[in-house]
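Visitor: Spelled out, the chains give:
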Amino acid sequence: MSATLPLLDRLRIERLVWSLDQQLYDLPRATRISTRREVRTNLTEAAQEVGASQAIRNVGSSRQLAEGYLTARFGDGPRHSWIAAVVFLMTATLVATSLFTEIALAYARGVSNAAPHMTGTLTYDGLRYFQNHVTYTFTDGHETHVGGGFSVATWLLLLFGTILVGRLWRAIPALRRR
Amino acid sequence: MPENSHDPQLLKGILSVLLLHLLAEEESYGYDVVRRLHEMGLTDVLDGTVYPALARLERGGRITARLVASTSGPARKYYRPTPAGYAALSEGIASWEGLVAIVSRRLLQPVNPPSTKGN
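If you're matching them up, the sequences are chains A and B in order. Residues in the first sequence are numbered from 1 upward in steps of one, following UniProt numbering. Residues in the second sequence are numbered from 1 upward in steps of one, following UniProt numbering.
Check each hint, because a few of them may be wrong.
Covered stretches of chain A, as calculated for chain B (at least 3 residues, CB under 8 Å) [claimed, not checked]: (1) 30 to 42; (2) 71 to 78.
A short, non-exhaustive set of chain B residues, derived as facing chain A with CB atoms under 8 Å [what the hints assert, rightly or not]: (3) Y31; (4) L46; (5) D47; (6) G48; (7) Y51; (8) A55; (9) R56; (10) R59; (11) G61; (12) A69; (13) G73; (14) P74; (15) R76; (16) K77.
Rather than coming from a laboratory, the hints here were simulated on the basis of the structure. For each residue, glycine too, the CB sits at the ideal point set by N, CA and C.
Next comes chain B alone, as it looks inside the complex (with noise of 0.2 Å):
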């Protein structure tokens, strides 16, 4: 696996906490979050995994979204967090933090290899 792939499987579930937090860094339009989120090292995040999840969390109440008129172009959608969307990403975080440190526990003991029976 290349050194910027991940398991979709195992970012699908923190996406929406990540999506959070880029928003209450800074407001973004959909192709600017998944820029940012390749420049941090999420490269094989497809922009059309990021697009709906972004809708959801727009009808979860989560963002709020409003539309800013581009210089160079059509209007863009911006997103930013609601109160409920940075009470989500807290909640996130700590839940997140939480199954990282019990996972961490188990898979950084090392493995012994399996004795073989009969010997």
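Next up, chain A with everything else stripped away, as it sits in the complex (with noise of 0.2 Å):
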């Protein structure tokens, strides 16, 4: 079926399911493939009887029809989302990570800075409970450091802010329901 359709037409069904498909994130994995498949399947036969433009119109925005698919799937009122909640997660982590190594790097540029040709170890707290000791050995100079990453405290106010922001409670089929 899909052979007859001219390239143009095939590759702007394709960009719709695309589109859809990054919005369908939240729906378990079966049923955003079953999905897409489905979609593509219904525009191919569409475009054919009435043209790839028509059947893209009467299909709607990518955006509408995820929501149609989220909310058949959900129910209308607020939900959860996995992606934020990843996404907010990845990038706390990061910036966090960043900004522990940076308040490691500068105890020991400090040090380095007021002896140069230091010698000894060093224990420095670090960002005071959000992150563990950090031990610093110096040989002339030199500067090997280990610990530093995140205490418990900060792995809580991670999983605390994940759950915050993917709204994960709603992921709870008996909360939903409510």
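Relying on the hints, combine the two individually framed chains into one complex.
Guide: Written out as structure tokens, the structure is:
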């Protein structure tokens, strides 16, 4: 069937299907794949009957269609978003890692500037409560360090933020039905 | 408003019953259902409204789907009502008939032009 459609029309259909698919990540994987296939099949058949432009117009925007499928799955009320949760977790982890690394390096730089030929071991608390202790070993001004990772409090904050941003409690069916 | 144009909000409430009826009549796939709605005269029903409505019925256990290979292209997902779907169809029809009877009784009464006060 699709072989009879011009390449440009098939590309237009694929563009809509791809765009729809990007907005359906909160659906279970199997459902998302099945939805994608079904929409593609229906659109291809419609395009053969009424033309690709009309077929795409009849389906409406990918955003509206995605909203329809998400509502069909999760109901009309507010719902959770795995995408928002993952984006928050990744961004927050990246920013926090970068910040903590800078804090650890800044301390080492400060020591090196104050005592260029330092030899010995030092411990720094880092960002108190949020960062594990950093242990520096200086040998004639050359520095190595261990530690400085996320503390339990930081992990808990990340977890809390992820649940909050993704509104993940709504993923629990019993709570979603309320 | 053109002859075949309908207020989407009016149709929204009855669309699922209509879909169940069409599928009870004949097992169909998404675009075929759209085509049959158009043949009925509901030419302004959009494909983008029907496909999620089918997904909602399937999610609610009122229709079931199976993939059927097509000689002319990729496999199609055919839908048919489940026993719960048939029950929902009966309830939907009864509910619709009741509503139409009540609303028609009122709407088909002639409306007198408002009297002008003070004359």
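Visitor: If a hint holds in the structure, say so; if it doesn't, say that too.
Guide: Against the structure, the hints:
no. : hint     : verdict
1   : 30 to 42 : holds (count 8)
2   : 71 to 78 : holds (count 3)
3   : Y31      : holds, 4 Å
4   : L46      : holds, 5 Å
5   : D47      : holds, 4 Å
6   : G48      : holds, 4 Å
7   : Y51      : holds, 7 Å
8   : A55      : holds, 4 Å
9   : R56      : holds, 4 Å
10  : R59      : holds, 6 Å
11  : G61      : violated, 13 Å
12  : A69      : violated, 12 Å
13  : G73      : holds, 3 Å
14  : P74      : holds, 5 Å
15  : R76      : holds, 6 Å
16  : K77      : holds, 5 Å
The structure is inconsistent with the numbered hints 11, 12, although it conforms to all the rest.
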